[in-house]
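**Q** This is what each chain is made of:
Number of protein chains: 2
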Amino acid sequence: MEVENKASEAKRASKILSILNEEIKNLALVNMADALINNIPDIIKANEKDVSNAKKRNIKESLIDRLKLDEKRIISMATGLREISALQDPVGELEGMIKRPNGLLIGKMRVPIGVIGIIYESRPNVTADAIGLCIKSGNSVVLRGGSDAINSNIAIASVLADAAYKSGIPEGAINLIENTDRNEVNIMMKLNGQIDLIIPRGGSDLINNVIKNSTVPVIETGVGNCHIFIDKSAKLKSATEIVINAKVQRPGVCNAVETVLIHKDIANTILPDLVEKLISYGVEVRGCEKTKSICPDVKIAQESDWETEFLDLILAVKVVENFDEALIHIDKYSTGHSESIITEDYNNALRFLKSVDSAAVYVNASTRFTDGSEFGFGAEIGISTQKIHARGPMGLKELTTYKYVILGSGQIRK
Amino acid sequence: MEVENKASEAKRASKILSILNEEIKNLALVNMADALINNIPDIIKANEKDVSNAKKRNIKESLIDRLKLDEKRIISMATGLREISALQDPVGELEGMIKRPNGLLIGKMRVPIGVIGIIYESRPNVTADAIGLCIKSGNSVVLRGGSDAINSNIAIASVLADAAYKSGIPEGAINLIENTDRNEVNIMMKLNGQIDLIIPRGGSDLINNVIKNSTVPVIETGVGNCHIFIDKSAKLKSATEIVINAKVQRPGVCNAVETVLIHKDIANTILPDLVEKLISYGVEVRGCEKTKSICPDVKIAQESDWETEFLDLILAVKVVENFDEALIHIDKYSTGHSESIITEDYNNALRFLKSVDSAAVYVNASTRFTDGSEFGFGAEIGISTQKIHARGPMGLKELTTYKYVILGSGQIRK
Chain A
42 MEVENKASEA KRASKILSIL NEEIKNLALV NMADALINNI PDIIKANEKD VSNAKKRNIK
102 ESLIDRLKLD EKRIISMATG LREISALQDP VGELEGMIKR PNGLLIGKMR VPIGVIGIIY
162 ESRPNVTADA IGLCIKSGNS VVLRGGSDAI NSNIAIASVL ADAAYKSGIP EGAINLIENT
222 DRNEVNIMMK LNGQIDLIIP RGGSDLINNV IKNSTVPVIE TGVGNCHIFI DKSAKLKSAT
282 EIVINAKVQR PGVCNAVETV LIHKDIANTI LPDLVEKLIS YGVEVRGCEK TKSICPDVKI
342 AQESDWETEF LDLILAVKVV ENFDEALIHI DKYSTGHSES IITEDYNNAL RFLKSVDSAA
402 VYVNASTRFT DGSEFGFGAE IGISTQKIHA RGPMGLKELT TYKYVILGSG QIRK
Chain B
42 MEVENKASEA KRASKILSIL NEEIKNLALV NMADALINNI PDIIKANEKD VSNAKKRNIK
102 ESLIDRLKLD EKRIISMATG LREISALQDP VGELEGMIKR PNGLLIGKMR VPIGVIGIIY
162 ESRPNVTADA IGLCIKSGNS VVLRGGSDAI NSNIAIASVL ADAAYKSGIP EGAINLIENT
222 DRNEVNIMMK LNGQIDLIIP RGGSDLINNV IKNSTVPVIE TGVGNCHIFI DKSAKLKSAT
282 EIVINAKVQR PGVCNAVETV LIHKDIANTI LPDLVEKLIS YGVEVRGCEK TKSICPDVKI
342 AQESDWETEF LDLILAVKVV ENFDEALIHI DKYSTGHSES IITEDYNNAL RFLKSVDSAA
402 VYVNASTRFT DGSEFGFGAE IGISTQKIHA RGPMGLKELT TYKYVILGSG QIRK
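Heads up: the protein sequence lines correspond to chains A and B, in order. Taking the working numbering as reference, the numbering of the first sequence is continuous, increasing by one, and the terminal residue is 455. Taking the working numbering as reference, the numbering of the second sequence is continuous, increasing by one, and the terminal residue is 455.
Looking at chain A on its own, in the form it has when it is part of the complex:
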């Protein structure tokens, strides 16, 4: 199968790539960015095929938005690669060197993970980001994109691989599985020894399938049923602005808010204006009984609404009795992505930060900031919503691991 051959080439290349000079990697990334810009017409042409196929299959607008590439988005992919080139390379750094009583010097050296497999859906910009971050962090990459974006992905990956290999990156380091047969994925998930880590990016069905079937270690990413809790001491204007921003600025992404919880003492004051503004932005509000009693225009929320990542202009709203009810609701329904409290109360802010068990916990800010660029990583390979290895936006450092290096002078164990 294609994936076995490519993974095995990737493993071979990774041994050279893992100790490759940083300057070669940086120059390659700049050349890859230039190559994207030089091939904009071809990439858009390939993308148009994908978009037209998607339209024929009546795929919803927010997904077509994810799929679509224009000049601006391709330039932004290239800018991402240049930013990655400028970031500090973590590979080879020594951390926490200590001296033991027997004279042994023990420290951690940052090293690449090896071969990273990425299984993802529509967004073709993932192709460029993933390749850039893997190469800079010294990892080979095996990409399996969605069939929706296959033409865009092949165009992007071949432009990037070509530029990378011409710049001294070992051949075989960059791989895209072109065969869209499902069986390729099934084999990919069992390639222990060839692939060191699989990162799925996409909807919950894709992610659950990978978790269930992969024997290669997996980092769960991206499903974001995100919450904002408006505490009774919240500033009304700021709370409204943050909710509107978190819902409407880009509703199709995982860090958009899906449920707003409102303290009952402030519900009457904030809800009429907030709901009116949301509706004016085209948001469908689904509220609890109390929300409906204050704003008769809203739909009544079903149990499923508390569980759903809408990825659309839909927002669930619930009035809660107190802080504890908000925490319990979040604990029950959150996918562990991003949650924010809007409050002026110091103790409630601290308690929210301590108690909420999500990758990103905010005070007085929009959940939309959970993003590699916004966190200063340049680009991200995904947003981890599990607890092992890395949590939240995963940048360069999260694509490395460490090994212990021990410098001795003849020590033996007594």
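The set of hints was computed from the structure by calculation and includes no laboratory data. Incorrect hints may have been included.
[Said to hold, decoys possible] In silico lysine-lysine, DSBU-like type, Cα no more than 35 Å apart, as pairs:
#1 A/K438 x B/K231
#2 B/K373 x A/K231
#3 B/K140 x A/K278
#4 A/K149 x B/K97
#5 B/K305 x A/K52
#6 A/K373 x B/K86
#7 A/K373 x B/K455
#8 B/K86 x B/K97
Put chain B on the given structure of chain A with help from the hints.
**A** Okay, now just chain B, sitting in the frame of chain A:
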């Protein structure tokens, strides 16, 4: 099933334990250590049942050594708990707080993982170490020990849980599966949402079974096919001492050396004395053709000898043409645990450190130091031989994860 009930109790307890005051955890650990000492006769009695059962089944001596508890080993378990009590608690620490251009303050807060599942074989001291490390790091624990040690494990876990709960640790935080039915493990490995991480400790069959069947994230531990490479510039006396120490000081453990590679330029000089000393310690040497030509007494090594973790007084020895052949041999046969180079050559030392892809890479020291206590962690939950989350000895910090905390003042995304 027992494991489902216990995992669900563990999850409930973990929400309290995760934010529990450090002083309560520390006092509990001291009380747990005292309880072990106060119950030495009962624990030894339970252990004697296990040892006598093992002897009836003709289990090999090195495994009985792992299983056996005496007063000294129980005192050492208690000392381990006191050491853990004295270590700094990583939970709640804030790391790497940065200010973004928009004024957001973003940092990482260390938090417990949640519920840790441990699946392990003979050694009953794992029971105390695992409970101590999990409690101190704010994690609930679900232990599934081998049936060989079931009586010892029940005795130790019940003494510790009792002392812990009396000291303020939430009930349900410490769990040992008493039912030795295999089906309990099968269910345990699918308890996503209840158990956050499974750490298998034991032989390669056990570990491979967990990797293959667990949908809960797994950290591979412990299989150690460890190598020592004696470079041509090695000091002979020191090289011999290190090899003897790494092989005979405790042959039944994962950081003992299993294969020694010797540069051909030094083979004639070192081998006769080294092999004589090894044999005098009762070691069976299995050598390559060249080793045999220098030391006619050794057995000829088979291909399987390069692949085997003997866990016994057996050592494979190979003469290599050069540094590269040593690296290629290690890359092919190593399980990624611990490898050491004995050399006086600065560049070879640096190249070995950089190129060998194992959890612990040594210069001029015995591989036997790959151990939580020797690295200064107090005790270890296992030695990770995979690349995700943690590598090498896993202490307190490796049993935590982080979440991003973001302090805002009304920021929205443009």
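**Q** State for each hint whether it applies.
**A** So, going through the hints one by one against the coordinates:
1. Between the alpha carbons of A/K438 and B/K231 the distance comes to roughly 30 Å, so the proposed pair stays at or under 35 Å and holds.
2. Pair hint B/K373 plus A/K231 holds up; C-alpha atoms about 20 Å apart against a cutoff of 35 Å.
3. A threshold of 35 Å between alpha carbons decides the hint, and for B/K140 with A/K278 the separation of about 24 Å falls inside it, so the pair holds.
4. Among the hinted pairs, A/K149 with B/K97 is inconsistent with the structure: their alpha-carbon atoms are about 45 Å apart, more than 35 Å.
5. With a C-alpha separation of about 30 Å, the suggested pairing of B/K305 with A/K52 holds against the 35 Å cut-off.
6. The straight-line distance between the Cα atoms of A/K373 and B/K86 is roughly 45 Å, outside the 35 Å bound, and the hint therefore fails.
7. Using a Cα cut-off of 35 Å, the hinted pair A/K373 and B/K455 holds, with the two alpha carbons roughly 31 Å apart.
8. For the hint pairing B/K86 with B/K97, the CA-to-CA distance comes to about 17 Å; that is within 35 Å, so the pair holds.
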